[in-house]
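Student: Read off the chains here:
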Amino acid sequence: MSAFPLTRLIDRSATLFLVLLGAFAIAIPVLNLLVPAGSALHVSTYLVALLGKYICYAILALSIDLIWGYAGILSLGHGAFFALGGYAMGMYLMRQIGTRGVYANPILPDFMVFLNWHELPFYWYGFNWFAYAALMVVLAPGLLAFVFGWFAFRSRVTGVYLSIITQAMTFALMLGFFRNNFGFGGNNGLTDFKDILGFNVQAETTRNALLVISCLALAICFLICRAIVTSKYGKVLVAIRDAESRTRFLGYRVESYKLFVFTLSACMAGVAGALYVPQVGIINPSEFAPGNSIEAVIWVAVGGRGTLIGAVLGAFVVNYAKTYFTSGILAPYWLFMLGGLFVAVTLLLPRGIIGTYEQWRERRFEKKHAAVSAAAPHAAE
Amino acid sequence: MRSFYDRVIAFVFGIGLLFVAATIVHAGAYEDALVGFTTDSFGDTADAIDALAASGDPRTGPLLEALKDQRLLYSAEAKKVFIKDKSDKLTDAITGETVPSPPSDVDNVRLNNRVRGMLDAALGSLTLMAKEPDRRFDAAQSVFKSRDPTALPNIDKALEKETEPRVKKALAEARAAIVLNSADTTPEDKIAAIAVIRDRSDQDALGLLDGLPTNLPPDVRKAVAGASAKVQNTLAIWNAVQNAWYGLSLGSVLLLAAIGLAITFGVMGVINMAHGEMVMLGAYTTFVVQEVIRQKYPGLFDLSLAIAIPLAFIVSGAVGILIERTVIRFLYGRPLETLLATWGLSLILQQAVRASFGPTNKEVGNPSWMSGAFDLGGITITYNRLWIICFTLAVFVALLGMLRFTRLGLEMRAVTQNRAMAAAMGIRTARIDALTFGLGSGIAGIAGVALSQIDNVSPNLGQSYIIDSFMVVVFGGVGNLWGTLVGAFTLGIANKFLEPYAGAVLGKIAILVLIILFIQKRPRGMFALKGRAVEA
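If you read the sequences in order, they're chains U and X. Take the first sequence: its letter number 88 is residue 88 in our numbering, and every next letter is one higher. Take the second sequence: its letter number 225 is residue 225 in our numbering, and every next letter is one higher.
By construction, these hints were calculated from the structure, which means they are not laboratory data. No experiment lies behind these values; they were computed from the predicted model shown. Treat each hint with caution, since some may be false.
Each computed SDA-like pair below joins lysine to any residue, with the alpha-carbon atoms no more than 20 Å apart [what the hints assert, rightly or not]:
no. : chain 1 : residue 1 : chain 2 : residue 2
1   : X       : Lys521    : U       : Ser155
2   : X       : Lys521    : U       : Glu255
3   : X       : Lys521    : U       : Leu144
4   : U       : Lys322    : X       : Ala355
5   : X       : Lys157    : X       : Ala54
6   : X       : Lys508    : U       : Asn187
7   : X       : Lys521    : U       : Gly159
Using the sequences and the accompanying hints, generate a full structural model.
Tutor: See the structure below:
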């Protein structure tokens, strides 16, 4: 145990990150709400929603980095947890529509009336209370991850096998949610939301509030991740990543370590999905598409796996590039670029942006201190 | 002289009169019947149809066809009936002459369901005597469905003349159907008819037996119950056979898609997420080959697949080797990175195809020897599925033989089993890696040729197979081609047997869940490699 647990938890780069995030969370709403629309500094409401979306993606990337970067679990199905959290929030928002729907049914959402259903399915009970929905946002993905992980880790499914079955899991969920009789709106998903906790989801103030809440959630998730990776528990995770059998032979219960971090990561992804849905206004089964989950993995790879901050950075950089390229004349080339990014990052930049930067700084540091011949301890990859 | 002329004229006139009279007498039934269409009453129309069917006049067929297609018009004032042809031209139903200016009050002869049923039955018994066996067969089938008692005499007549066994059987079944549904046949006749229906043993037979009135004599009812149970039994068996056939067919498709993957993933340990795109490239090669043939050598169309197979192998194989040389060889030993990089490659390949061929489905035709179907007992077998099963097995055997008996195969196995030792023995491992990857990709291309025959050729073709292919390889056991074979057919058949109970989508989900659970139990698949190779 270090004498200064807080400085270990929040080192220099973490402090910088949290300060920047705080400044961002304050600056954007101020620039949107207080600066007049004509001003050069004004941030449009569209941009607020977009940035809010990026923050949610960043939380998802963070959750992937926690398991991939530190425990070596490459999940290609994290989009499923994200979407489950989103659906839980979407169900709450659907119930809030009440009689303002097209069919004005006080209990049933429009799509159920349309499908000639007469009763609310039991799994929709309780979603009219925000607290229950918020609980489900964490519980539903967490439970799925727990059951899935319990089976997978106990029978020592590792590496690419795990990746492939997580991909199969999200694929199966996608097929299921596409069905109308599953009771989640079929391929239209859940949309047309009105209120969240009594506030209009379309309103500027609500959007800014959601952005701030998302930033807060990101900060909390970041701190949780930091707390884990800097603890003794985190060291064991890294040991599992680098030499699973050896860690097991040393007497650690590898599957319990993995299961806990996998479940926690799924809960974080669920929170990200829940914050994502009111900001984009829709959740549909295409969020389960295996491609989405793999794309989220590449954000982490671009930023640098095993660095936490890198995951956030990667999510912002890649998604900004996506928004930029898919909205212009370059749209047909975006998939070429995304594909190229996958190849380039794995071949040329295996440590990602942050990892490469840290490596460069370390080398410089080593050179400086070569005379003293005090080689700095290498940070774990 | 004059009297002679007079006589001749009188004779000619008399003969002519005779002819006219004969015509009038002969045409009487037909013409009389037509009057029934001009009164705008369903009852009269029905009587007219009956009278026409009994008249035996050759004009009856086209007239009834016209009535069925709502092309029969009448004029109540002129008491005339007209047939409208496809180009809206009216002809008189009696003389067959074109009517340039029809009366002002022409209107369609209206039908209701009862009349329509009678009409179908009348048309059915008319064609019972047709020259072509196929038409007679269809007519017998339609009588079987309509069970129109008035067709009974026609059926009996047709049965006497019929020589074709297939048509004869259909006629006998039609007769049995009428007998069973008619109130005034003896129980003995009915029991004999039940036996005929029982031997038909299909869904229609079951429908007929279950739809019989309940007020039958007890022994007839017993015979019906027995026959119904027997038909159900036979149907259940055929249903199982049908499912097994569909399963084999699906399994062969899965095997074809997965077999290349079994080489790249199973033998080399490379996760190639772009494998589906190799399949897609093969399918597009087929499309290009067919386009060229259509434009330049239309006569060679039936050979298009034979030309496409080697080309697809070369195209996909070359792309595979290119990928291996430029990307994958830097990533050996880092499977997760390989996975990401090849996923990126799959995006690039998809987008490249989308950019050059467009995002829509491409039309790939079946050669004549692959289209059509034949009946085998109670199931229908399409030629394209049959060919694909044969083709898949041929590819599988060829691949096994190649790995077992050729120098390249030997070197591939050597490199797989112990890379360092193989290199020490003088095998150029880098070259073997590239060739192995090219082989796996080339086989995926061949799979694309076959899949182009049964699936939509679009840039997303590969995506729909990639997860299934991985499931097959993982389920069967990595590094074992036999495992892939068993895995593919097990999954295919299991899928098709689950589908009737769970529906297509839920069946697929169930299979995925079962595989996930299976991997828990046997993380290395059904046929796991043992020994050192496991750790490699």
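Student: Given the hint that X:Lys157 pairs with X:Ala54, does the C-alpha gap stay at or below 20 Å?
Tutor: Holds - the C-alpha atoms of X:Ala54 and X:Lys157 are around 13 Å apart, at most 20 Å.
Student: Would you check the hint for X:Lys521 and U:Gly159, treating anything up to 20 Å between C-alpha atoms as holding?
Tutor: holds (16 Å)
Student: Hinted pair, alpha-carbon criterion (20 Å max): X:Lys521, U:Leu144. Please report holds or violated.
Tutor: holds (19 Å)
Student: Holds or violated: X:Lys521 and U:Glu255, Cα atoms, limit 20 Å.
Tutor: holds (15 Å)
Student: Checking one constraint from the list: CA of X:Lys508 to CA of U:Asn187, max 20 Å. Satisfied?
Tutor: holds (17 Å)
Student: Check the hint pairing X:Lys521 with U:Ser155 against an upper bound of 20 Å on the C-alpha distance.
Tutor: Holds, at roughly 7 Å.
Student: Within 20 Å, alpha carbon to alpha carbon, are U:Lys322 and X:Ala355?
Tutor: The given pair, whose Cα atoms are some 18 Å apart, holds under the 20 Å limit.
Every hint from the earlier list agrees with this structure, and none is contradicted.
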